[in-house]
Structure formats: C-alpha cells, structure tokens
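Trainee: First to last, the sequence lines map onto chains A and B.
If you're matching positions, the first sequence starts at 0 in numbering that gives the first Met the number 0 and goes up one per residue.
If you're matching positions, the second sequence starts at 0 in numbering that gives the first Met the number 0 and goes up one per residue.
Because the hints were derived from the structure by calculation, they are not lab data.
Warning: the hint list may mix true and false statements.
[Unchecked claim] Just so you have them, the derived chain A footprint on chain B, three or more residues with Cβ under 8 angstroms:
1) 87-98
2) 112-125
[What the hints assert, rightly or not] Okay, derived cross-link-like pairs now, DSBU-like style, lysine-lysine, Cα gap no bigger than 30 angstroms in a straight line:
3) A:Lys148 to A:Lys174
4) A:Lys37 to A:Lys55
5) B:Lys120 to A:Lys148
6) B:Lys120 to B:Lys64
7) B:Lys21 to A:Lys220
8) A:Lys240 to B:Lys220
9) B:Lys78 to A:Lys240
10) B:Lys17 to B:Lys311
Backbone N, C-alpha and C fix where the C-beta goes; we use that ideal spot for every residue, glycine too.
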Amino acid sequence: MKRPVFLLMACVVVSIFVFAFLNILLGSVSIPAGAALKILFGSADQPQVWQNIIWKSRIPQTLTALAAGAGLSVSGLMMQTVFRNPLAGPSVLGISSGASMGVAFVILLSSIGGHALSKMGFAGEIALTVAAIAGSLSVMALIVFVSQKVRGNVTLLIIGVMIGYVANAVIGVLKFFSVEEDIRAYVIWGLGSFSRVSGDQIVLFVCLTAILLPLTFLLIKTLNLMLLGDGYARNLGLNIKRSRMLVIAASGVLVAVVTAYCGPITFLGLAVPHLCRAIFRSSDHRILMPASLFVGASMALACNLVARAPGFEGALPVNAVTSLIGAPVVVSVLFRKRKTELAE
Amino acid sequence: MGKETIRLENLSIGYREKNHTKLVAGPIDASINSGELTCLLGANGVGKSTLLRTLSLFLPKLEGKIFLLGKEISEYTEKQLATVVGVVLTDKCEIRNMSAEDLVGMGRSPYTGFWGSLGKKDREIVRESIEMVNITHLAGRMVHTLSDGERQKVMIAKALAQQTPVIFLDEPTAFLDFPSKVEIMQLLHGLTRRTGKTVFLSTHDLELALQIADKIWLMDKTHGFSVGTPEDLALSGTLSGFFARKGIVFDKETGLFRIEGEYARRISLAGHNVRYAMVRKALQRNGILAGRSVESDWLIEITRDEFVFRRKRPGERIGGPDSPVLTPEDLSASSGPEKEIRVTTIERLLEVIGSTVCYSGPCR
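My request is simple: use the sequences and hints to build the entire structure.
Mentor: As structure tokens, this is what we get:
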C-alpha cells in the first residue's frame with residue numbers, strides 16, 4: 000500500500016514550524032505569544048529583555064536544533080544504506096568518537112600544559128570546534144582509506160567500531176591525567192547541547208549544514224542502487240568503491256560538523272531513518288532523504304523542547320531526551336511493523 | 000541458430016591474491032550464441048559462480064580474453080556494460096518497503112537521469128518486462144512479502160527492463176519448488192526465442208537443463224571443459240562420463256540420468272505404456288531389475304486393469320525375443336507360488352512380490 004507522500008511530508012513540515020515556534024515561545028522566562036510573534040517580525044517596541052532572550056538565545060538554539068537534527072538524520076540514513084545494516088548510525092563508525100577524542104585532547108591536555116581551557120572563554124570555544132572537526136575528519140579519512148582496501152561492508156563496520164574503541168581508550172587515558180574541572184567540562188560537552196552555539200558561530204554552523212545537506216541529495220540515485228546490494232548495483236553501472244567512499248565521506252562530514260558544534264548527539268541519527276521508513280513505507284531515497292531531513296529537524300526541536308520543559312529549566316541534557324523519547328518511538332514502530340507484516 | 004555474442008579465448012579464471020593466484024578453471028575456449036539458452040553445469044566448487052562473476056566483470060580474469068559482442072570486455076566502461084549485460088544473482092535482495100514494480104524499475108537505472116526518476120517510456124518498458132514474465136499480479140506487492148520463486152521472477156523482469164542483449168543468471172532455480180523451476184526455465188527459454196537474447200545460466204538442475212537448454216557447458220575438475228547440445232553430449236558419452244558414479248546411471252534411451260541401486264532380483268515384464276513404466280520404476284526402487292528383456296523365471300503381465308504375477312511356463316522365453324526358450328528342467332529349480340496372482344495396484348503387487356521367494360531359484 001502506498002502512502003500519500005506529499006500529504007505526509009507536508010504534515011512533517013508543518014510540525015517543524017509548530018515545534019520551532021514553541022521552541023521560541025516556551026522557556027524559563029514566559030513571553031506572551033503575541034509579543035513573541037511581534038519580536039519575530041522585527042518589531043522593536045517590546046521589552047529589550049524579551050528581544051534579547053528571543054534573538055540571542057531561543058532563535059539560535061532553535062536553528063541549531065533544526066540543523067543538527069536534519070544533519071544527523073540524513074547522515075544516519077546514508078550510513079544505514081551504505082552498510083546495509085539497520086543498526087548503523089553516525090556513531091558506529093567511530094566518527095563521533097573521533098570528535099570526542101579531538102575535544103578531549105583540547106580540554107584535557109590543556110590542563111597538563113598549565114592553561115586550563117575551562118578558563119579561556121571564546122578562544123577555547125573555537126578551539127573546541129576545531130578540535131572536534133579535526134578529530135572526526137581524521138577518523139573519517141582513515142575509514143575512507145580503509146574502505147578502499149576492504150571488500151566487505153561488515154568488515155568495514157567492525158573496523159569502524161574498533162576505531163571508536165581506540166578513540167575511547169585514548170580519551171580514557173587523557174581523563175586519567177587531567178584535573179577534575181576539565182573532566183567535568185569534557186563530560187558536559189559529551190552530554191550534547193543545542194544551546195552551546197553562540198551568535199556568530201550559529202551563522203557558520205547553519206550555513207555549513209545548509210550547504211552540505213543539499214550536496215548529500217546528489218547521492219540519491221547512488222543510494223537507491225546500493226539498496227540492491229553490491230552485485231546488482233555494479234551490474235547497473237555503479238562504481239561501488241567510489242560511491243561507498245563518497246557516501247561515507249558525505250555523511251562523515253555532516254556528523255563531524257554537527258558533533259563539533261553540539262557535542263555527540265546520540266540516537267537521532269539511528270532512530271529517524273527507521274521512523275521515516277515506517278511512516279512513508281518506502282525505501283526510495285528520493286522520499287527518504289527529504290523525509291529524514293524534515294523528521295530529523297522536527298524530532299530535534301521536540302527533544303529540545305522537552306529538555307527545556309518547565310521544571311527542568313534547561314538542566315536536562317539533550318542526549319538523555321533524544322534517547323528517552325527516541326527509544327520507545329522506535330520500539331513501538333518496530334512492533335507495529337511486525338504486526339502489519341503478519342497480517343499481510 | 001543465432002549469432003555468436005560471447006567468445007572466450009584461452010580464458011583462465013580464479014582469484015588473485017597478494018602473493019599467489021588461485022586458478023579455479025581454465026583455459027576455456029567457448030562461445031555463446033544469441034537466441035539460445037545455455038546452461039552451465041558442474042559440481043559444487045568447480046567454478047561455475049567464478050566463471051559467471053568473471054564474465055560479468057565482478058572478478059578480474061586471470062588470463063585470456065572475453066569478447067562481448069565482438070569487443071573485449073575490459074574495454075567496456077561500467078556504464079556501457081550495464082546496458083549490455085544484465086544479471087540475476089544468488090544474493091537474496093533484502094529490500095524492505097519496495098514494490099516489485101519499483102524494483103523492476105531499478106533495471107532502468109543505466110538509462111535514467113540524475114535522480115533516477117522513470118520517464119513515460121521507462122515505465123512502459125517496466126510494464127512490458129513485468130508482462131513478459133507474467134507477474135502483473137505481483138507488481139504492486141512489496142518485495143519482502145514475495146516467495147523465493149516470485150522474487151526470482153521479479154529479478155528476471157529487472158534484467159529484462161535493463162534491455163541488455165545478454166543476461167547471466169547464477170542458479171536461478173535454486174531454492175525453488177519443482178513447478179517453479181520448470182516455469183523459470185521455460186520462461187527463460189521462451190525469452191531467447193521471442194527476444195533473441197543470449198541467456199547464460201548456471202544450475203544444478205541437471206534433468207531440467209538437459210531437457211530445456213540449447214547448449215550445455217560442462218565444467219569438471221577431472222574431465223575439463225566440454226560444450227555442446229545436450230544430445231551431442233549424450234551421444235558422445237561425455238555426459239555419462241561427467242556424472243556417472245555409483246548409484247547414478249545415464250539412460251541413453253531417454254537422454255536423462257537415473258538413480259540406480261544394486262539389483263538383488265530380476266523379473267520379466269510384459270506390457271506397455273505408462274503402466275509398464277510405472278511398474279518398472281516401482282520395482283527398480285525396490286532393488287528389482289524389471290523389463291521386457293530382463294531374464295527371469297518370473298513374469299509380470301501388465302494388462303489394462305490388472306497386474307498378473309506368475310511363474311513362467313515351459314515354452315516361454317527367459318528374456319527378450321532372442322533369448323532361449325525355457326524347458327521344464329529350467330523351471331523346476333526355482334520355487335514360489337504355483338498359481339498366478341492378480342492385483343490391481345502397484346502397492347499390492349510389491350507386497351505380493353516381496354512375500355515370494357522367487358530369488359532362491361536361479362535368478363539369471
């Protein structure tokens with residue numbers, strides 16, 4: 000049975016707007032909806048505090064969540080397709096571990112050198128971002144290199160997981176030699192957050208994802224062919240090695256950028272593609288790619304909303320929320336799928 | 000017959016590893032014609048899949064040349080090859096949430112544009128391909144809900160949608176029930192006739208291949224490589240040489256193989272038609288060699304509605320029309336029921352024969 004794709008897609012897009020508006024509206028300081036709308040449309044006659052809260056805090060956070068959710072989900076979808084493994088996600092190839100390792104080097108080593116990063120402010124933030132990107136891209140380069148040498152996808156997947164373990168071991172050693180405050184700073188980075196990206200960097204971050212995401216759409220036909228398995232894909236004219244490298248690189252860069260700005264956000268990348276397949280009942284990437292993008296953005300906004308819900312006051316780490324919301328959703332989707340299959 | 004589309008010259012196949020090459024088979028010299036169904040037969044591990052993988056460029060060849068439509072295969076780019084060779088593999092496509100029609104549509108990929116969307120003409124070709132393999136009723140079904148045989152047909156439709164002059168199939172009849180095997184083979188044979196395509200497949204279904212294939216390629220470790228029509232191979236004794244072993248004999252009359260155990264007893268048969276063949280088959284299964292020219296003191300007469308089991312009388316021949324006539328002395332040596340026994344089913348006949356001690360006599 001085919002689903003009404005456009006209608007569903009429209010619903011998801013509407014949900015993005017709703018969640019985005021709620022993200023702007025709700026928070027520890029209550030701003031009336033009318034006032035929030037007026038501020039959004041550029042009116043300057045509202046209280047300065049409200050304007051600051053909305054423009055300097057809530058909108059950046061909303062945009063970050065939007066871009067991060069979309070990026071991670073699309074990246075997860077590509078990983079699952081290229082490895083033909085439903086458990087693949089941005090974190091399995093060790094790419095997020097690579098980012099963590101880069102960050103760990105900066106946060107934890109700096110204290111050994113005598114300059115605690117936790118006291119360096121803005122320069123430290125930049126250093127973090129650069130380190131995360133450098134860490135994840137170097138792991139990704141390694142994986143791309145290995146992908147040219149290794150034939151099987153499973154082997155490659157296992158090698159990725161192993162690289163992740165090595166990265167985590169290095170982090171462990173670094174932690175062991177670090178001072179307590181830095182470890183705390185590192186742990187907090189590791190919890191993930193959409194509110195870390197500040198004013199200037201938000202523009203860069205959103206621009207990066209806005210450029211990278213459309214680029215991944217160029218791989219749609221490749222991804223569809225990959226669904227058939229290596230043999231059939233090759234027979235239909237696909238250069239397997241090059242395509243595999245391209246897809247891994249594209250999804251790796253996306254993860255690297257998102258992780259650098261938000262920390263390792265778990266689960267979205269794994270769960271959203273499954274959710275999309277279940278909602279749209281399709282494995283066609285012409286549908287799944289935009290679907291993952293939209294659903295991912297919507298999910299990230301929803302998670303951010305929960306993380307900031309009254310009572311938590313921004314205290315809940317996003318990672319906890321993505322997993323707490325994501326896991327039951329995925330399980331319920333899988334259960335429902337099993338039932339419909341039995342009925343067929 | 001058709002034109003030569005594929006020619007192998009001095010081809011060696013195998014695997015090239017870091018410091019040594021593992022030769023699987025070769026050198027092979029052979030050709031495949033268009034409009035013909037060619038079947039590749041051989042025991043497990045003899046290199047059938049390796050040959051197919053080499054021909055479809057999944058594996059590099061070790062030595063020699065492969066000419067595809069007159070052009071050496073390595074001169075084709077991947078994109079060009081995709082429009083010349085279509086494959087159906089043993090890989091089970093584990094795609095969820097894709098309709099059979101969409102999967103067949105993937106066969107159009109070498110022709111579609113950047114996004115892989117099907118145009119009007121593509122959809123027309125997909126529809127024709129689906130009709131050609133008679134799976135119109137499956138078009139809307141999700142691939143993961145199809146049976147193995149149905150999925151195999153979808154993959155064949157995919158290869159048709161690819162519109163290649165050559166189609167390779169790796170064991171397309173494996174894991175299928177017998178009617179589906181026959182259906183797939185007949186379908187492929189029909190395709191070669193209707194479309195003039197070159198179809199080359201590997202299979203373990205010897206009997207089917209011998210009956211349906213236009214040409215047979217035999218691969219064997221000890222006997223090497225042989226090519227020919229099934230009939231030529233049967234006449235030259237190549238087939239029996241390839242597959243004959245204890246328990247399997249090549250029946251030259253039918254051109255097919257037969258399972259044969261050791262015979263403990265012999266019984267002459269008189270009769271014809273299906274009833275004759277069925278009695279013969281049932282007795283052979285039970286270790287009794289039976290037939291018109293089988294020499295025995297005992298006889299089963301097969302009539303329209305009865306099987307009559309009795310001892311031969313003096314004056315009847317011991318075996319076929321040229322065999323000696325039995326004398327009363329000959330017959331006195333064997334023991335058994337004196338009266339003839341009439342039964343109507345083969346099951347009953349087997350029981351009667353089983354309880355008869357005819358083989359204590361001279362079972363000649």
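Trainee: Which hint numbers doesn't this structure obey?
Mentor: 3, 5, 6, 7, 8, 10
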